[in-house]
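Please construct the entire structure, taking both the sequences and the accompanying hints into account.
Those sequence lines, one after another, are chains E and F.
Quick note: the first sequence uses UniProt numbering, first residue 1, plus one each step.
Quick note: the second sequence uses UniProt numbering, first residue 1, plus one each step.
These are calculated hints, taken from the structure and not from any lab test.
Predicted model only: the values in this text are computed from it and were never measured.
Positions of the beta carbon are idealized from the N, C-alpha and C atoms, including for glycine.
There may be inaccurate statements among the hints.
Said to hold, decoys possible - Capping the alpha-carbon separation at 27 Å, the derived lysine-lysine pairs in DSS-like fashion look like this: (1) F:4 / F:48; (2) F:35 / F:48; (3) E:35 / F:48; (4) E:35 / F:35; (5) E:48 / F:35; (6) E:35 / E:48; (7) F:4 / F:250; (8) E:35 / E:4; (9) E:35 / F:173; (10) E:173 / F:35; (11) E:4 / E:250.
What the hints assert, rightly or not - Now the stretches of chain F that chain E is said to cover, found in silico as 3 or more residues with beta-carbon under 8 Å: (12) 80–88; (13) 144–154; (14) 170–176; (15) 188–201.
This is what each chain is made of:
2 protein chains.
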Amino acid sequence: MPRKLHLNAFLMSVGHHEASWRLPESDPYASWDVKHFQNLARIAERGKLDSVFFADSPVLQGDPGRRPAGKLEPTVLLTALAAVTEHIGLIATASTSYNEPYNLARRFASVDHVSGGRAGWNIVTTAGADAARNFGLDDVPAHRDRYERAAEFVEVTTKLWDSWTDDAVIADKDAGVHADAAKVRPINHRGRWFRVDGPLNVPRSPQGWPLLVQAGSSEDGRQFAARYAEAVFTAQQTLAEAQAFYADLKQRAAALGRDPDHIKILPGIVPVIAATEAEAQELDAELERLISPEYARRQLAERFQLDPADLPLDEPLPDNLPTEDEIEGAKSRFTLIVDLARRENLTVRQLIGRLGGGRGHRTFAGTPEQVADTIEDWFHSGAADGFNIMPAVLPSGLTAFVDQVVPILQDRELFRTDYEGTTLRDHYGLPRPVNSLELTTV
Amino acid sequence: MPRKLHLNAFLMSVGHHEASWRLPESDPYASWDVKHFQNLARIAERGKLDSVFFADSPVLQGDPGRRPAGKLEPTVLLTALAAVTEHIGLIATASTSYNEPYNLARRFASVDHVSGGRAGWNIVTTAGADAARNFGLDDVPAHRDRYERAAEFVEVTTKLWDSWTDDAVIADKDAGVHADAAKVRPINHRGRWFRVDGPLNVPRSPQGWPLLVQAGSSEDGRQFAARYAEAVFTAQQTLAEAQAFYADLKQRAAALGRDPDHIKILPGIVPVIAATEAEAQELDAELERLISPEYARRQLAERFQLDPADLPLDEPLPDNLPTEDEIEGAKSRFTLIVDLARRENLTVRQLIGRLGGGRGHRTFAGTPEQVADTIEDWFHSGAADGFNIMPAVLPSGLTAFVDQVVPILQDRELFRTDYEGTTLRDHYGLPRPVNSLELTTV
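Shown next as structure tokens:
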């Protein structure tokens with residue numbers, strides 16, 4: 001069977017472009033309207049996409065004047081989507097720095113139960129002092145500490161998911177024995193960051209473990225992904241960089257004894273689609289015109305740990321930027337943005353325009369045919385196992401992708417014409433984890 | 001308008017009776033099947049009930065051999081029910097001892113958004129060392145500390161719910177201003193237990209605040225309820241005790257300057273319903289016969305801080321029980337159980353039978369007419385504003401209540417014949433909280 005693409009729809013408010021809410025077509029209240037997201041999930045399912053995904057952070061991100069800020073809590077949102085869909089995978093971000101593993105393990109297991117095996121967890125450590133200050137801390141913990149905690153968090157979580165064997169419930173009405181108590185075990189975890197007895201208070205879920213996703217590309221992030229991630233969302237601006245990242249991550253996974261095919265790599269792409277290339281570029285330009293640059297400049301200054309006044313809009317980036325080592329979060333994104341500005345010799349205003357669509361993800365304006373071509377090109381060039389589709393405007397950008405690009409990919413036999421399995425793991429071609437408890441009690 | 005009853009369906013697995021899963025009619029896997037609960041919520045909505053409710057604790061409670069253990073995470077479950085219902089309120093328990101207020105405030109606000117204003121939070125402090133050991137602690141924190149933390153937790157949570165004014169989002173597309181940043185404010189909470197900057201990352205929800213529910217009846221619990229609760233679920237075995245509790249709680253609320261009508265008191269009742277009284281008692285007896293007493297004896301011994309061998313099945317409770325002061329959780333339930341056993345001179349085996357249906361809640365076996373009579377009696381005797389209906393067997397016990405008891409209550413003009421409002425607060429006749437932020441910024 002020829003290798004097939006994996007396609008995830010990364011959904012955000014009324015589109016990834018920061019000005020999308022200002023278009024006449026956009027409902028600026030849609031961010032908190034579950035019907036909007038239910039509609040999007042149904043469109044994505046119509047396109048036979050592998051999954052939908054929601055990014056998240058436990059803090060109000062950015063100035064609420066700039067664009068729709070605040071989001072429905074993601075496990076609540078995924079559940080609302082599970083209720084109106086049958087096949088599509090449901091992935092959301094949750095933080096290992098600001099949750100307890102017992103609670104989060106249970107929440108994702110519950111979403112996996114209610115969705116019939118369609119849950120996925122994008123594991124993040126959460127950069128930013130503002131999030132820390134919602135949880136009793138003065139500042140964000142150090143990058144290395146966050147990743148160390150994240151690794152232990154995932155260990156605890158997966159042990160909790162394995163704390164019931166798949167056959168623990170026997171439901172013997174005559175004998176009056178509901179579950180075999182020997183198959184429901186405490187985990188008695190004792191580590192640097194967590195002490196958790198268990199067992200979990202929900203049986204093992206349909207997928208065994210919800211799908212583990214990761215999206216950080218720093219050195220710590222890559223090593224974490226190589227060890228734990230089954231799907232990786234990544235921002236890559238050029239084919240060469242994407243190839244290097246892809247090769248590096250597959251090699252790291254193999255070095256850890258994993259099957260490199262069990263870690264699927266999906267670069268982000270912000271497709272701006274129209275019938276002609278000129279129309280697509282006009283839509284892109286219209287969105288760029290609607291950006292209020294002051295908001296974006298403030299955010300850029302914060303990322304660079306500078307004052308906004310140090311970033312004159314019509315000059316190139318200053319020379320005195322910090323190094324990646326001096327940045328305490330979103331390290332690889334910092335480097336990507338600096339590289340992009342320097343490589344294309346952009347002014348601050350131009351850089352803001354380039355980041356407006358995908359915050360560092362690759363924007364591509366073109367016809368459905370051209371979008372399909374670039375997807376196929378990267379897919380066949382060792383740069384991707386699939387793509388994280390990030391429509392600039394929603395729902396119209398998702399509809400355009402599903403109704404115009406997906407059929408081309410299907411005609412080229414690059415993408416499924418129907419779902420072949422029932423779980424998110426089935427869609428991504430990933431195995432169901434063997435229960436570590438069963439292994440140790442055989 | 002004559003005073004009307006409030007009816008909440010307290011739902012648990014395939015029924016509150018611990019042996020309900022052993023009946024031929026029961027699906028022993030239903031505890032983790034969202035369709036089971038969606039069916040129950042629809043039945044309750046057909047009966048025009050105010051709400052459904054799910055108790056919870058972040059620990060696997062009891063022996064998994066005894067009966068269906070483990071539950072779907074409640075905010076996930078409520079969301080799944082919101083998707084298939086239109087009117088009924090959706091209440092669940094969450095712990096103030098083992099959550100972060102930022103995360104929990106957001107989760108309940110999100111359920112309120114996705115349900116169009118139907119969310120309620122039963123605030124508990126969580127007794128038991130086993131739960132503590134899932135969160136890095138060796139033992140449960142002291143009762144007084146748990147309640148002090150709970151009070152501060154609720155303060156933080158309500159401030160977060162008020163951190164956006166109701167009119168903060170202006171969505172001015174022309175000016176490029178999405179929300180008025182002056183109406184989205186940090187809370188900068190600094191207390192003994194929490195430091196939380198805010199604002200919340202979701203706008204104020206339809207109800208302003210999800211409904212605040214409480215269920216503890218100890219001295220600390222009553223004072224907490226009097227200050228914060230808008231609905232109280234309580235276990236009362238006799239009319240006299242229920243009247244005393246009702247009067248005490250209303251008086252405490254008034255003493256704190258609250259309108260006593262804004263705290264609704266709902267004793268629990270486990271109705272076992274059949275066409276004749278004899279048939280109802282036979283169903284009750286059949287359930288009692290299906291109890292495996294060893295499990296229940298172990299639990300009783302744990303509650304009394306004794307060894308199971310100290311509780312011979314066919315003897316009365318021993319004299320050397322601890323006092324309520326020596327108990328570190330579920331204090332009032334402890335006293336209720338001891339009083340019940342002593343008052344009726346029950347053996348341990350008989351006590352186990354009496355607790356099998358409702359764990360201390362009042363069980364009442366009778367005809368629909370008799371169930372309606374006792375509800376009316378308590379309602380008109382200053383003992384209740386409504387009832388927490390706890391079917392012994394599900395779905396059949398709920399169906400019987402909705403189809404056979406509710407019509408009688410409606411005929412007697414004691415209960416609504418249709419929903420008159422859209423939110424959970426509407427159903428309970430409770431006001432929407434004024435935003436404290438708006439009050440301070442007028």
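Query raised in the report: Which of the numbered hints are not met once you compare them with the structure shown?
Result: 8, 13
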